[in-house]
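Q: The residues making up each chain are set out below.
Number of protein chains: 2
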Amino acid sequence: MSNARLIFDSPERNADLYYATRFTAPDDILFLERQGKRYLILSDLEYERGRKEAKGVRIFSLAEWQEKAKRARQEPNSIGVIATLLTAFKIKKITVPRSTAFYLVDGLRKKSFKVESGTHPFCPERIFKTPQEKKWMVEAQRMTFRSFRVAEDILRQSKIRRGLLYWKGKVLTSERVRFEMEKFLLAQNFQPVFSAIVAGGRQACDPHCIGSGPLRPHQAIIIDCFPRSARTRFYGDATRTFCKGKAPPELKKQYAAVQFAQEMAIAKIKAGINGKTIHRAIQKHFERSGFPTKKIGGKKQGFIHGTGHGIGLEIHEEPTRISGVNFKLKKGHVVTVEPGLYYYKTGGVRLEDIVYVTGRGCEVLANYPKRLEIP
Amino acid sequence: MSNARLIFDSPERNADLYYATRFTAPDDILFLERQGKRYLILSDLEYERGRKEAKGVRIFSLAEWQEKAKRARQEPNSIGVIATLLTAFKIKKITVPRSTAFYLVDGLRKKSFKVESGTHPFCPERIFKTPQEKKWMVEAQRMTFRSFRVAEDILRQSKIRRGLLYWKGKVLTSERVRFEMEKFLLAQNFQPVFSAIVAGGRQACDPHCIGSGPLRPHQAIIIDCFPRSARTRFYGDATRTFCKGKAPPELKKQYAAVQFAQEMAIAKIKAGINGKTIHRAIQKHFERSGFPTKKIGGKKQGFIHGTGHGIGLEIHEEPTRISGVNFKLKKGHVVTVEPGLYYYKTGGVRLEDIVYVTGRGCEVLANYPKRLEIP
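Chains as they are written, first to last, in the numbering used here: chain P, 1 to 375; chain R, 1 to 375.
Careful: at least some of the hints might be erroneous.
Identical chains blur together in the list; that is why a pair holds if it fits in one copy or across any two.
[Stated by the list, open to error] Think about it this way: if two alpha-carbon atoms lie no more than 20 angstroms apart in a straight line, the pair counts; the simulated DMTMM-like pairs of lysine to aspartate or glutamate are: (1) K52 / D27; (2) K93 / D106; (3) K284 / E75; (4) K135 / E317; (5) K295 / D44.
Calculated directly from the structure, the hints in this document are not laboratory data.
Next comes chain P alone, as it looks inside the complex (with noise of 0.2 angstroms):
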């Protein structure tokens, strides 16, 4: 009788699971670790790639144990595999990922076993960045800075005519300068997973819409984006506003305040300051540089989300995140930091960086200017 730790679901979901195994595979698969050995047990379809990808762990074929769940008299299915596999291993007592689905652990609960909830991620090590995967982050950093090097050139090379930009000829619109963006990183080996937002004026106002259409001059245009590299799964993720040709004085102000707001919060950060004071600073310098955050027209308008979050194997990972809640701050962790003005009338403004957290303050991982206006 043990305890043991269990992962059913696909690697390309749960970054617990690839993070333990350095395998990934589209489909749902099985992972166990007891008595500090791991295993994981693989279809036909996946066991001969699981031998030569994962790491540290020992293969087992599932169809075989579907055999052996089926002598047991269980359903040769996911909880039936799962029980017979628990019993071979005399485990009656199990620890899972909360996001496990319940009807899986209502099946096993049916038969028995106890199930609970591990830590939150279920390695809680990997929120804690190694030398190595600090470098893999700043390698994806960097790239994602390199596409933005492809969208500022875009811009610059863009001519403006009858209030649109024209490149190459055409109207300049969001899709095309994200298309530009994406092939790049498809070239380099990086996955646009989420579509890299490209929004002007009005639209950046909804901070999630990704931007459609023709792009305006003298107006501010969002570019965020958050590739992961195919070859480490780590993620990057930078915001940059820029502003075709002359930025209106208000536009200008909003960027000054952001940026300062952006600047203050990364000379706070340090291993022991508490999330909530960065974002209660950001939102106190918005105030008084006359940038409120209300309800104008109905719609809410200011610094209307979180100040950033963590990073690494999730585009959004633990510690989720600096905003008004309390959480400590620690040596090894990987936040965004991107605070943001949305305002209707000027349009919406966010900067970010990724930075690594130290005893003494913290690192930005990779650089990229940050100008507004691009002649």
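Take the given structure of chain P and dock chain R to it, following the hints.
A: What follows is chain R alone, placed relative to chain P:
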């Protein structure tokens, strides 16, 4: 007191949630259906976009329900907000998708709510494609095949030199073909959610190996691409096997066996037929044609996977799968038909199309030639 249906998940992961609302967001959102009325509870970040994009649902503000949760002395987390919402609606019992996280279900049960598993999929009607959905799937599959044209043209233009392929002056690799296909798809507003498989020779014998390094002449190259339309969110999925140059006689025979099997399966598919019947017929055909499925040199070779799977808003969905399992195909199902043969000696061959099941037979959703040799 009344029953209700609830989903708490991200529409990016949960196709039923997208299906029910036509709204997508990266983070978890809350959906409630009661007495034919539908509600989405969205954070400030998604609220305005939800009001514009979500179909047939009333939008509630998460911030307001968090306040109500606090006033009702509930924690303002997901469990507390759901409990507050259910209490306000006088709901005691909810049906949720079976994939729902068990920590959430445990938490609600502790608060005396009854939580039961719904059907799988949660919106069962989504498996029976409407004429509009079928049209979207035809569009997706046509675009998938247009990316095969890109790949085939590259192979056709390539020159064979010293056992390698050269295209535009460079050694042609799996990565390059994949990039050119995905670049084409991105420009058409299709997302390469999963990387296209471009796998030559022995690599193709692991059906989920995406392939890497130089492609070679006179051997099989499996190309399997399954992009998603960003506009409709429906997937295409197709596989062709090519050979640049002259195919060895053994490979030609293997290809002919797979082509016969695939076309036989398509000819058999109609409403009412058992998936197992089709799968067994293919297995029998392969055995009779001298292509057994067995371990050779310790590795399982031959026809080592299922015949097909349901597809739609998910790449693998119900009816999953056409294999050794008993289940009846029904009118309106959309499934892939993709037999394959894999031998380390000759390489892998797979051919895949998508069909729409009708009362009398099935319709192939889009067409592309089946030609092994590319001169």
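Q: Could you work out which earlier hints the structure fails to respect and list their numbers in ascending sequence?
A: 3
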